[in-house]
Structures are given as structure tokens and as C-alpha cells.
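Heads up: the sequence shown runs through residues 1 to 262, numbered per the working numbering.
Any given hint could be a false lead.
Each computed DMTMM-like pair below joins lysine to aspartate or glutamate, with the alpha-carbon atoms no more than 25 angstroms apart [claimed, not checked]:
hint, residue 1, residue 2
1, K259, E27
2, K261, E86
3, K261, D24
4, K104, E215
5, K203, E27
6, K134, E175
7, K87, D14
FYI, nobody ran anything at the bench for these hints, they're computed from the structure.
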Amino acid sequence: MISLKGLNQTVRIDAGELVGYTVDGHEYIHQKGSPGWRSSDTEMFPIIGPTNEADFKVSTPKGAAVQDQHGLLRELQYELVSQTEEKAVWEKTYVANTQVQNSKYPAKSTAELLAWPYNFRFQKTYEITEEGLKITFAISGDQEMPFMLGYHPAFKLHTETPSVRVKDRTIDLPEILAVGNRALAVLDTEEVTLSDAEELHIKTEGFGNFMLWTEVPNMLCIEPISFYPYAASHDNLHTGFQTLTEKEKLFSVYLQPNKLKK
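The whole structure should be built from the sequences, with the hints applied where relevant.
Next comes the structure, spelled out in C-alpha cells:
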């Protein structure tokens, strides 16, 4: 566990996972052990969405790849690359076609080993800024590698009537709960606001969309995504791929508490 501190903010990171973000004592991140999701954040890469109905196979230009829900990145371990008082960089690397043990097997999946036919490096950077916490994802690897990226943070809810404001509407918690496991799509936007005991503005660069998901009233996952997986059938998930055409592709998420503007 490491902590970043500065500008009235404290960030707690456990093996690359964001497990705490407080501003003037207010906690924004869902705490492990509380009802709801067992984690507090993770990434969805190189695919987003379920694969069980497609026999855990996703089409790529190099053939079918065996992937469980939301990809194999979460099965790899982060390594700490560098750390200062207000910034930390974590990294995962993968060698093409390396078989990775699926932690969901056999209890929740029939796919024992996962693999991806491309080399990649995935960096995750946390940085405290005057406006809040900036989280940057840097993807590099084989040219023309197909991929999707989703960031999956869970936020702690402090009131009984939280809502999410988007540019053209307000979404309340019962509406999100009603959608269930598919998650509610918020498309074609790079910014939403969580309105709770405190307001949190969530701005992104590169993603273009969000999903909203929870099954309990005390937490809410607000997930920036490059592709909403239910926009395609399970066997056509590959239609949501981007292609890595540059040396490094950057995506950013900005958590900007309203408290810092006061």
C-alpha cells in the first residue's frame, strides 16, 4: 500500500488499485468489505463485456483469442515503476500468446487459460493536481493491435438520493439499479457529475462513453469506456475494437471534487 498526498488530497493505492481518495476527509471511493463489488477499481482490456455466449472467444486479425469477461489484463500483476509524493506510475506487460490462468475458473467460467495474440505494455499513472486526481492510461504494443479500454472505478455513496448528471439529463439511482448487469449506457460524452453529499466531476479524454452499474444503494460504478459492449452481439464483439496505430495511445480520467473549487 502506498499513499500520495498533496493539496488537501490523499490517494491510497494497493498494487495499482485505487482503494482510497479523500479530500478534506471526504472519501469518494467504495471501500472493500462494504456491500457491493469486491474491488474498488480495475481496468477492462483488451475487450469490454461478456464472452461466455461466444464460447469465450473474440475475433482478431490474428485469429480467435480466448478471453473472459472484460479481458485478461486484470489477471496480470502491476509493478510499481516510479513514485513521488504526488505521483505514481504502475505497469503491466504481456508477451503475445502467453497463457494466463483465469481466476474465474472453474467456479464462474469454463475457460481455464486466457491468451491474446499481441504484445502490449499497459501503464497506469496517478497524479494529484490542483483540480483533483488525474489517472492516465498509456497503451503501447504491436502495431495494428485491436483493443477496447474501459476503466471500472467504484464510488462510495453517502446519501439515499444520489444522481448522475449528464449534459442532457439527470439519472437517479433507481434507474441504474433497474438496468441490472448490462449497465446503463451513457454514450457520446466525456463528462458526467456524481451528485451526492459532495459533487464529483468525472472528465475523460479518449474514451467517449460511460457505463453506470451497481446492485446496491451504497456504491456506484461510473465507468469510462471506449465501446459499449451490448451495442453488438456476443459473437460480434470485435466490431467495437480500436486499432493501435501509434507508438503509444493515451487515455485520461480526471476526478474533480467540487470541494476543491470552494
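So, going through the hints one by one against the coordinates:
1. K259 x E27: Holds - the C-alpha atoms of E27 and K259 are around 12 angstroms apart, at most 25 angstroms.
2. K261 x E86: 19 angstroms, holds
3. K261 x D24: 12 angstroms, holds
4. K104 x E215: 20 angstroms, holds
5. K203 x E27: 19 angstroms, holds
6. K134 x E175: 29 angstroms, violated
7. K87 x D14: 14 angstroms, holds
Comparing the model with each numbered hint stated earlier shows that hint 6 is the single one that does not hold.
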